[in-house]
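Colleague: These protein sequence lines map, in sequence, to chains S and C.
Sequence positions in the first sequence follow numbering that gives the first Met the number 0 and run 0 to 298.
Sequence positions in the second sequence follow numbering that gives the first Met the number 0 and run 0 to 224.
Fair warning: there could be bad hints in the mix.
As the list claims (entries may be wrong) - Computed list of chain S residues with no C-beta within reach of chain C, every gap over 12 Å:
| hint | residue |
| --- | --- |
| 1 | Pro20 |
| 2 | Leu28 |
| 3 | Leu48 |
| 4 | Gln75 |
| 5 | Thr89 |
| 6 | Glu119 |
| 7 | Ser146 |
| 8 | Ala184 |
| 9 | Asp215 |
| 10 | Arg295 |
Said to hold, decoys possible - Here chain S is said to cover these stretches of chain C; the calculated rule only asks that three of the stretch's residues, wherever they fall, bring their Cβ under 8 Å from a Cβ of chain S:
| hint | segment |
| --- | --- |
| 11 | 77-84 |
| 12 | 100-110 |
Don't read these hints as lab results, they were simulated from the structure.
All figures in this text were calculated on a predicted structure; none of them were measured in a lab.
Heads up, the beta-carbon is just placed ideally off N, CA and C, and yes, glycines get one too.
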Amino acid sequence: MDLSRITGFLAGDVQADRLVPPTGFTARLTVFAAGAMAFLTVFALALSLATGRLADRWSDELARASTLRISAPLDQRAAQTAAALRVLETTPGVASARALSDEEQRALLEPWFGPDLPVEALPIPQLIEVIEDETGYDAAGLRLRLSAEVPGAVLDDHTRWRRPLVEAADRLRLLGWLSIALIGATTAAMITLAAQAALAANAQVIAVLRLVGARDAYIARAFVRRFTLRALGGAAAGTALGMIAVLILPAEQAEASFLTGLGFQGWHWIWPLAIPPLGAAVAFAATRHAAHRTLRELS
Amino acid sequence: MIELDQVAMSYGGGELLGDISLTLSPGSFHFLTGPSGAGKTTFLKLCYGALIPTAGHVRMFGADVRDMSRDDVALARRRIGVVHQDVQFLDHLPVADNVALPLIVSGRDRSDESENLSELLNWVGLSKRAGALPAELSGGERQRAALARAVIMSPEVILADEPTGNIDWEMSQRLLQLLVELNRMGKTIMIATHDMNLIRAAKSQVQARVLRISQRRLQTAGADL
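Next comes chain S alone, as it looks inside the complex:
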C-alpha cells in the first residue's frame, strides 16, 4: 500500500470530519474495548513468547544433557564416581561430564530440606551432569558399559519427563497464539458493532450526504477514519499499560523460573509495539466493510 495514502488518511480532511456529528458514548466504548483487548494481547503475547522460550530451552538444552546417578555406599562413592567419569570420557558423543559439587547438590535439595543440610553425612547419590555433543551418544551402549564397570550408576537421559514438558510448553504456546487470534477477531466484532451503531444513528446524515452528491467512498471514509483512530489510540494506551504491567512483574528467579519468566526478553519487546497498528488495521477493515455494506442499502 502507498504510504502517502495512509498518512493522508490519518491526517484526514478537517471539512469531511465535521460532517458526521461527534458521538461521545460509542467513541469512548470503542476506545475502551480496543484498549482492553490490546492489554490482553500483551499478556497473551508474553505467554506465547515465554512458553516458546521454555520449550526451546527444554528441548534444546535438556536434549543434550543427561544425568548419571551413582547410588553407592559412602565409602565407595568417590571411587565409583571417578570410574564413571572415566567411562564417560571415553564414550563417543559425550562432550563433557562433570560431577556436581556438594554445594550444587545441596542447592538442589534445599527447596525440600531447607538450608544447612549436611549432604556429606547423608547417603545421597552423587550426580554427574553429562553434556552430549552434536552427534549424541548411544544410551543403551553406555548403560551396558556402566553396568559392567560402575554397578551403582543409573543413567537418566531425561527423555521420559522432557517430552511431556516440551509438549505442554508447545501446547501452551499454541494456546497463546490462539488467544491472540481470538482477541483480534473479538476486537473486529466489537468495532463492527460500534461502527454499525454509529452508521445507523447517522442514517439521516448519510442520506443527506448522498443527496448532495457525496460518493460512497467519501462517506465511508469519514466513519472509517474515526474508528481507526479510536482503535489506534485505545490500543496504544492498552499496550502501554500492558507492557508496564509485564515490566513490573517480579524479575526472573531460579526458584520459580516458569512463572517469573513470563515477560519479554531482549528484542522481543518490539513485538507488543505491533499491537496498536494491527488493532488499527483490524478496525479499518471492520469499519470499512460495515460502512460499505450499509451504504449499498441506501439509494
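Got chain S sorted already, so can you dock chain C onto it with the hints?
Modeller: The following block gives chain C in isolation, referenced to the frame of chain S:
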C-alpha cells in the same frame, strides 16, 4: 438533460406512475402539479436517480440510470440541484456549512469559494443567519437555505419539491423570484407544487409549461391556468 422514456414506477404491486415520457431541455421551466399522493415526489426522485423505474428508461445527461454506478449517480447529482420537500440539513452544522455541503463533499476547497458562498447567502437573504443552526431557522429561511444549497454547485437543472409548502405568500413570491432569476441565467427548472397561485404568478414572468399527474399519467395542463 433529463429524459424519461415510457417510464413506469410500481410500489408493492400497485402502479403509481405509468407510461411517462418527458424531456427536460436546457433553459426550460416546468411546473409539476397534481393531487397529494399522485406521485410528484416519486416523479422527481426518478429524475435525480434516487429511484430506478420499474419499466422504461430514465437518462441523466445521456446515461441510462440503470447502467450508472453509485458513483456515477453521485457525480450526476452534483449537476442537479434538488430542493427537497422536507429540506434535509445536517442539524449539527450551521447554515453556512449546510449550504456549502455540496462543495465540501465534492472535495472543493471551501476557502476558494467563500466569496461565492457569502454572495449566495446574501442573494437568498440569509447573510445574517449564516451562523445559525438549521433548527433555529423559520420555515421560509429553511426553504431559502435549501435553495441556496441546491444552486451552490451551479447545477444545470434545479428540481424543487413543494418549495413553498409551509411558508407564507410573500415568502413564496420571493422564492419564486429566485427560481425565475435562475431560469433567466439558463438553468432548467422543475417545480412540483399544488399551489395554483404560484403557477399563475410565475406564468406572468416566464414561459412555463405546466404538467399534471392525473390517474398515473403525465398530462400537459391546458392554458386555462
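Colleague: A separate judgement is required for each hint: does it hold in the structure or not?
Modeller: A quick look at each hint next to the structure:
1. Its beta-carbon lying about 4 Å from the closest one in chain C, proline 20 (chain S) breaks the requirement of being farther than 12 Å from that chain.
2. Under the 12 Å C-beta cut-off, the non-interface status given to leucine 28 (chain S) relative to chain C holds; the minimum distance is some 20 Å.
3. Residue placement check: leucine 48 (chain S) keeps its beta carbon more than 12 Å from all beta carbons of chain C (closest about 46 Å).
4. For glutamine 75 (chain S), the requirement that its beta carbon stay farther than 12 Å from each beta carbon of chain C is met, with the minimum near 92 Å.
5. For threonine 89 (chain S), the shortest C-beta to C-beta distance to chain C comes to about 83 Å, beyond the 12 Å cut-off, and the non-interface label holds.
6. Separation of glutamate 119 (chain S) from chain C is adequate, the least Cβ-Cβ distance of about 85 Å exceeding the 12 Å criterion.
7. With a minimum CB-CB distance of about 85 Å to chain C, serine 146 (chain S) clears the 12 Å threshold, and the non-interface call stands.
8. With a cut of 12 Å on Cβ distances, alanine 184 (chain S) stays outside the contact zone with chain C, its closest approach being about 30 Å.
9. A Cβ of chain C approaches the Cβ of aspartate 215 (chain S) within 12 Å, the least distance being about 6 Å, so the stated non-interface status is violated.
10. At the 12 Å boundary, the C-beta of arginine 295 (chain S) falls inside the reach of chain C, the nearest C-beta of that chain being 8 Å off.
11. Coverage of the segment 77-84 of chain C by chain S holds in this model, with 3 residues showing a Cβ closer than 8 Å to a Cβ of that chain against a need of three.
12. Under a criterion of three residues with beta carbons nearer than 8 Å to beta carbons of chain S, the stated coverage of the segment 100-110 of chain C is upheld, 7 such residues being counted.
Comparing the model with each numbered hint stated earlier shows that hints 1, 9 and 10 do not hold.
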